[in-house]
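A.B. asks: So the protein sequences, as listed, match chains L and G. With our numbering, the residue at position 10 of the first sequence is 10, and numbering never jumps. Here our numbering runs 1000 ahead of the position in the second sequence, where the first position is 1.
Everything labelled a hint here was simulated from the structure, so no lab data went into it. Fair warning: this is a prediction, and the values are worked out from it, not measured in the lab. Glycine residues also receive a C-beta, built at the ideal position from the N, C-alpha and C atoms. Heads up, a few of these hints could be off.
[To be verified] Have a look at the derived ranges for each label pair, beta carbon to beta carbon: (1) L:Pro319 with G:Ser1128: 54 to 64 Å; (2) G:Phe1157 with L:Phe395: 52 to 62 Å; (3) L:Ile435 with G:Pro1133: 49 to 59 Å; (4) L:Ala151 with G:Ala1003: 19 to 29 Å; (5) G:Glu1159 with L:Asp403: 33 to 43 Å; (6) G:Ala1114 with L:Gly491: 25 to 35 Å; (7) L:Met19 with G:Arg1276: 44 to 54 Å; (8) L:Arg451 with G:Ile1134: 27 to 37 Å; (9) L:Gln234 with G:Arg1160: 37 to 47 Å; (10) L:Phe395 with G:Gln1186: 25 to 35 Å; (11) L:Asp158 with G:Ile1134: 24 to 34 Å; (12) L:Trp154 with G:Leu1255: 20 to 30 Å; (13) G:Leu1080 with L:Asp448: 34 to 44 Å.
[Claimed, not checked] So the derived list for chain L, only partly shown, Cβ under 10 Å to chain G, looks like this: (14) Leu68; (15) Leu74; (16) Ile131; (17) Tyr132; (18) Ala139; (19) Phe146; (20) Asp177; (21) Arg180; (22) Leu182; (23) Pro183; (24) Ala316; (25) Trp321; (26) Ile324; (27) Pro613; (28) Glu615.
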Amino acid sequence: MTTSTATEAAPAPHESTSMLWADARFVVLCALGIAAFPFLLHPLGGYSTLATQIAIVSIASIGFNLLLGYAGTLSYGHAMFYGGGGYIAAILLLRTMPVHPNLWLAVAGATVGTAILAVLVGAVTVRLYGIYFALLTLAFAQMVFFIVEQAKDWTNGDDGLQALPNALLPIGPWNIDLTRHLPSINLGPLGDLGELTLWYIFAGICLLLVLILFRVLTRSQFGEVLGAIRENEQRSTLIGFNAAGYRLAAFAISGALTGFAGALRGLFDGTVPVDSLGIDRSGSFVIYTVVGGVQTLFGPVAGTAVIMFLENVLSAKTPAWRLIEGLIFVGVIVFLPRGLATVLKQQRDKNPRALFVRSLRPSTEEPDPLLKPTGEGRRSGPLSIVETFKLGKLFGHFAANRDIDFRVDPGELRAVIGPNGAGKTTFFNLLAGTIAPTAGTINYKGRDVSRVSGTQRVHLGIAKAFQTASLYPDQSVRQNCRLAALARVQGAFALQVFRRSMRLDDVDALAERAMDRLELTGVADIRAGDLSHGDKKRLDIAIALATQPQILLLDEPIAGMSKDEARKTEALIRKLSTEMTVLIIEHDMEMVMGISDSITVLHQGTVLATGTPAEIRDNPRVQEAYLGGHSEAELAHG
Amino acid sequence: MEAFFEALLGGLVLGLIYVAIAVGLTIIFGTLRLVNFAHGAFYAIGAYVGLVIAQHIGVGWAFVAAPIAVALFAVLLDRLVLRSFYDKEPTAQLLVTFGIALVVEETLRLIFGATTQQYQMPGSLQGSVTLGPITYPAYRLLFAAGVIVMLALVWLFIERTNYGLIVRAGVRDRIMVQLLGGNIRQASTIVFALGAAIAGLVGAAATPIYSIDPGTGFAFLVPSFVVVVVGGLGSFWGAVLGGLLIGELQSLTNLAYAPASNVVIYLCMALVLLLRPQGLLGESEVIRQ
């Protein structure tokens, strides 16, 4: 969320230094925490094995949280990756390297295998939401469980795979045996920390690397887009992001991380039980993550540590331990919806660079090279920009649109009017690609786009502002525009998991320009959800504008605005129309007659008349449709 | 052949249990927009209450006490915890109801132990009936008939009463119902209690057939959700069709190849979700909720 523009390409030196400092501090603190963990656990009863298991399972929870916390979907089948990773690693060891078991190969194979499984499962699940997503992931996990249980020759059925060979870890010239004990550490009155093995150090390093990776990933452009999709998927697809693609990538990364952890756990324990694929295992990731705190980096680690520790301690002491676990879970959801992590430490913002937001610069008057006027011969060109032939849309038996022949020339400002229920919004949705026509075709610049998705149409140059503003309410006005600009610059899908979008100057330039056009620069840092109604409507247009459209669809842009705001917005739209084609649905007749080059009247789902404002005003059929119909009030009030 | 008919009848009985649980899930979703993962807990509580009453007081009273106790529990749950989750996103609802299911299951385990239990119907109902080529336990047939009668009453409630009207309208557009002044709050409490009571009654009545342990609630819940998804969330007849389909599918697969009887229903659900995501009899509008 910086305001850097093209002239300020490189971040100022003090910024990058302080970022490096923050990164270094993060790594050091994580490393210290992981190193200190067994010492914390020791006085509570000496749980060396548990410490290693917690470090490993935390990785799986972090992976799970990418879906629940960052993509916003609850998977109830993550055991298929966790157990799947364990089985793949174990089978690789037993079948392919019984003599020289190599841990790298087993774990790498398991990670790749579960990533592939996640892509396959994700391909059919990511288009579903809520309970449907949870149930379908559960269904796939149960199918995997069934297959593993039945393939007894490979998996030993219900007994699971046991007595795995001790895999060694070759590093350079050394072949490290992770089961070797660390030198015993005397803790004075607390006894002796002598049970720890090299496994803890290895698992700790893996956890540290995963934490670093996850921190980078959630702050990257990929994390930013994933968050945007979670917040408003409808808007995200209509600024040009391939939402399903992003969710699939998140699912694959999540599955692979969980599979990686499952493989480590299997090798550490030396056994892979069939329960590791079971429904309770899937549920455990939900519990760990929610208790610790979704949408936080350390939450899943904290939750895993707390719950696994309690399980270990309490299960020996009381049969009620699972009840206690359940009560903690419900208590956290009801009283601490963001988990324990929020109590331990208020997550300090996602974005340290926010501290360095500069004051706003006045916008420059020079023409922006990024916003080219549509140069295809205004008004006189032989090529229409949008043309429809016999376009129709049936909802059940109701024809919302039928036989619409429509043509707009480049640069035109066309109003689409008609009484309520005439099919105007349906028509816009057909043009924007949010719904598919049931008859006819839509040509855009001579190409048939009837079957092209809404997301792809944004990249072709068609953008839409909604009748009810569709924004990212928790983001700043600037960030709303930046997301749209990002989609334009980076395309529908970009797996940019390492780079931050705020390094992209052309994105900032586009966003600033869009805000400037809609006179929103003054409120650039305000949360979009806190804007006034008129500003929200204008922001919605700015978002559409930041995708650099060649044709802009505005659905009732001034509805609900005060007179002054409406006139101001009208002037802004008039200005925009000098640079691009604008289609507008509006009930305000004063505005329609004042700014349109031409008007199309829809009535009962089809075109009643098209012509100049004067022709439309004098058209007897139009008068009848309005005055003879049930919408007299509409014309009178405008 | 006899085995086939027996499996067919077994599928009917199992399917009707699914239908009863699924109908509760569906009407609760319709009125409250709540995806209730704790619904299996209502079945389990009903079963245990029924068990205790049947063993100590009498089987007849079990059928009265179970639905009342479960309905009271549901109202309490609604008031104390769930109320604040109605307006939240589905994921938060799934999580909190999942947690409640966990707490109920573990509480039952503490009180009743982990072993499976069952109570017997009185002698007069323990006999068998001969139906053509097979003989079948009389109580199972009576159970099936009872569930069908109960479902008919629920259907009348939905189709013929004002509360039912709110349920049906709520499935389509909950906000509109509120705007029109429908007393959703009162209706939702009644519907929630009713859905829970159905599950509780069926739990008590089914225990002589399917023995109960603390995990049974969850074991019935998951297939019931599959039923709702296959039939179409929010649709009464969808729940009926889906329940019978899943019950028979499971029962017949059990006959043909027992190990696959659990996984086959997931396969069925996955196919339905891919080919007709709104469910067999569902309306497409509710799918994205």
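A.B. asks: The structure should be examined with respect to each hint, and the outcome stated for every one.
C.D. replies: Against the structure, the hints:
1. L:Pro319 with G:Ser1128: 54 to 64 Å: 40 Å, violated
2. G:Phe1157 with L:Phe395: 52 to 62 Å: The hint (52 to 62 Å, Cβ to Cβ) is violated, given that G:Phe1157 and L:Phe395 are roughly 30 Å apart.
3. L:Ile435 with G:Pro1133: 49 to 59 Å: At 55 Å between Cβs, range holds.
4. L:Ala151 with G:Ala1003: 19 to 29 Å: Check passed, 28 Å falls within 19 to 29 Å.
5. G:Glu1159 with L:Asp403: 33 to 43 Å: At 39 Å between Cβs, range holds.
6. G:Ala1114 with L:Gly491: 25 to 35 Å: 55 Å, violated
7. L:Met19 with G:Arg1276: 44 to 54 Å: 51 Å, holds
8. L:Arg451 with G:Ile1134: 27 to 37 Å: Violated, at about 55 Å.
9. L:Gln234 with G:Arg1160: 37 to 47 Å: At roughly 38 Å between Cβ atoms, G:Arg1160 and L:Gln234 fall inside 37 to 47 Å, so the hint holds.
10. L:Phe395 with G:Gln1186: 25 to 35 Å: 33 Å, holds
11. L:Asp158 with G:Ile1134: 24 to 34 Å: Given about 33 Å between the Cβ atoms, the range holds.
12. L:Trp154 with G:Leu1255: 20 to 30 Å: 27 Å, holds
13. G:Leu1080 with L:Asp448: 34 to 44 Å: This hint is violated: roughly 58 Å between Cβ atoms.
14. Leu68: Check passed: Cβ of L:Leu68 comes within 7 Å of chain G, closer than 10 Å.
15. Leu74: At 5 Å from the nearest chain G Cβ, L:Leu74 passes the 10 Å test, so the hint holds.
16. Ile131: 5 Å, holds
17. Tyr132: 7 Å, holds
18. Ala139: Holds, about 4 Å.
19. Phe146: Holds. Min distance 4 Å.
20. Asp177: Result: violated, 40 Å to nearest chain G Cβ.
21. Arg180: With a closest approach of 40 Å, the L:Arg180 hint is violated.
22. Leu182: 37 Å, violated
23. Pro183: Violated, because the Cβ-Cβ distance from L:Pro183 to chain G comes to roughly 42 Å (cut-off 10 Å).
24. Ala316: 16 Å, violated
25. Trp321: 9 Å, holds
26. Ile324: 8 Å, holds
27. Pro613: 36 Å, violated
28. Glu615: 39 Å, violated
Of the numbered hints listed earlier, those contradicted by the structure are 1, 2, 6, 8, 13, 20, 21, 22, 23, 24, 27, 28.
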